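Novice: Here the protein sequences come in this chain order: A and B. In terms of this note's numbering, the numbers along the first sequence are unbroken and rise by one, the last being 152. In terms of this note's numbering, the numbers along the second sequence are unbroken and rise by one, the last being 146.
Check the hints yourself; a few may be wrong.
Derived PhoX-like pairs (lysine-lysine); straight-line CA-CA distance at most 25 Å [as the list claims (entries may be wrong)]:
#: 1; chain 1: A; residue 1: K106; chain 2: A; residue 2: K144
#: 2; chain 1: A; residue 1: K91; chain 2: A; residue 2: K114
#: 3; chain 1: A; residue 1: K91; chain 2: A; residue 2: K147
#: 4; chain 1: A; residue 1: K109; chain 2: A; residue 2: K91
#: 5; chain 1: B; residue 1: K41; chain 2: A; residue 2: K106
#: 6; chain 1: A; residue 1: K147; chain 2: A; residue 2: K114
#: 7; chain 1: A; residue 1: K147; chain 2: B; residue 2: K41
#: 8; chain 1: A; residue 1: K91; chain 2: A; residue 2: K106
#: 9; chain 1: B; residue 1: K41; chain 2: A; residue 2: K144
Just the calculated beta-carbon pair ranges, DEER-fashion [what the hints assert, rightly or not]:
#: 10; chain 1: A; residue 1: R99; chain 2: B; residue 2: E94; range: 41 to 51 Å
#: 11; chain 1: B; residue 1: P102; chain 2: A; residue 2: N151; range: 45 to 55 Å
#: 12; chain 1: A; residue 1: E46; chain 2: B; residue 2: N109; range: 17 to 27 Å
#: 13; chain 1: A; residue 1: Q105; chain 2: B; residue 2: P40; range: 20 to 30 Å
#: 14; chain 1: A; residue 1: F100; chain 2: B; residue 2: G35; range: 19 to 29 Å
#: 15; chain 1: B; residue 1: R50; chain 2: A; residue 2: Q105; range: 21 to 31 Å
#: 16; chain 1: A; residue 1: S64; chain 2: B; residue 2: I44; range: 37 to 47 Å
#: 17; chain 1: A; residue 1: A107; chain 2: B; residue 2: P102; range: 38 to 48 Å
#: 18; chain 1: B; residue 1: E86; chain 2: A; residue 2: D117; range: 42 to 52 Å
#: 19; chain 1: A; residue 1: R79; chain 2: B; residue 2: R50; range: 18 to 28 Å
#: 20; chain 1: A; residue 1: D117; chain 2: B; residue 2: P40; range: 18 to 28 Å
These are calculated hints, taken from the structure and not from any lab test. The structure presented is a predicted model; accordingly, all values stated were derived computationally and were not measured. Note that the Cβ used here is the ideal one computed from N, Cα and C, for glycine as well.
What follows is the residue order along each chain.
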Amino acid sequence: AQTVTQSQPEMSVQEAETVTLSCTYDTSESDYYLFWYKQPPSRQMILVIRQEAYKQQNATENRFSVNFQKAAKSFSLKISDSQLGDAAMYFCAYRSFSGGSEKLVFGKGTKLTVNP
Amino acid sequence: DSGVTQTPKHLITATGQRVTLRCSPRSGDLSVYWYQQSLDQGLQFLIQYYNGEERAKGNILERFSAQQFPDLHSELNLSSLELGDSALYFCASSVHSASAGEQFFGPGTRLTVL
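Just chain A, with the same shape it has in the complex (with noise of 0.2 Å):
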């Protein structure tokens, strides 16, 4: 069973400063599906980034990228110009790209602080 592992409880950043949340999984599969949701106060889960396995080029959605590592299997993320709305639960998640469940498998959260 894939199983993914956010090791970083909380994290703290300065506003427009950089910060990395760190991520690592799990898997036997060769391709599969990696993202990153943010759950801010209002507990709705958004997505922020997805990345196909099979590419090789890391994902980027403005002030958000990742670093996906596939030997090493590890997707972290970066947010750069860190804003005060980027203060929020930070979910790594994965999912199956083969047929069968398409089910999530997600981390416990990173917990991010943006202080002013």
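Since chain A is already given, all that's left is putting chain B on it; use the hints.
Specialist: This is chain B only, laid out in the frame that chain A set:
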């Protein structure tokens, strides 16, 4: 707004009772997923339906059941409720395709069992 709707937003009930949570997926999405978020267990997958059929089961208790109707909305039924069932229950939907990975989440239903 993800396009996924869930009702009710909040539900307070007593132990031993039964409740039904409702979810309407995004227009065009055939797959519906249910997740439970609790303090001790984190976010856990419960069950998936695709176009009316059960597709996958996760750590769903026997006291829980779900179904997806012809109009694609889904209901999660929780019975013989216990204090430990208090959690945030999310519904998510996606287009069922190997090329589409995203699941879009509804706002959740917060269940409190007293």
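Novice: Between the beta carbons of R99 of chain A and E94 of chain B, is the distance compatible with 41 to 51 Å?
Specialist: At 45 Å between Cβs, range holds.
Novice: Does K109 of chain A pair with K91 of chain A here, judged by a C-alpha cut-off of 25 Å?
Specialist: holds, 14 Å
Novice: Is 37 to 47 Å right for how far apart the beta carbons of S64 of chain A and I44 of chain B are?
Specialist: holds, 43 Å
Novice: With a cut-off of 25 Å on the C-alpha distance, tell me whether K41 of chain B and K106 of chain A pass.
Specialist: violated, 39 Å
Novice: Could one say that the CB atoms of E46 of chain A and N109 of chain B fall in the range 17 to 27 Å?
Specialist: violated, 36 Å
Novice: Given the hinted pair K41 of chain B and K144 of chain A, is their alpha-carbon gap at most 25 Å?
Specialist: holds, 24 Å
Novice: Honestly, do P102 of chain B and N151 of chain A meet the 45 to 55 Å range at C-beta?
Specialist: holds, 51 Å
Novice: Starting from K106 of chain A, check that the Cα of K144 of chain A is at most 25 Å away, please.
Specialist: Measuring from Cα to Cα gives roughly 21 Å; hence the hint holds.
Novice: Can you tell me whether the CB distance of Q105 of chain A to P40 of chain B sits inside 20 to 30 Å?
Specialist: Roughly 43 Å apart at Cβ, these two residues miss the hinted range, so it is violated.
Novice: Is K91 of chain A within 25 Å of K106 of chain A, Cα to Cα?
Specialist: holds, 10 Å
Novice: Could one say that the CB atoms of E86 of chain B and D117 of chain A fall in the range 42 to 52 Å?
Specialist: The hinted range 42 to 52 Å holds for E86 of chain B and D117 of chain A, with Cβ atoms some 44 Å apart.
Novice: In this structure, is the beta-carbon distance linking D117 of chain A and P40 of chain B contained in 18 to 28 Å?
Specialist: violated, 38 Å
The earlier numbered hints that this structure contradicts are 3, 5, 12, 13, 15 and 20.
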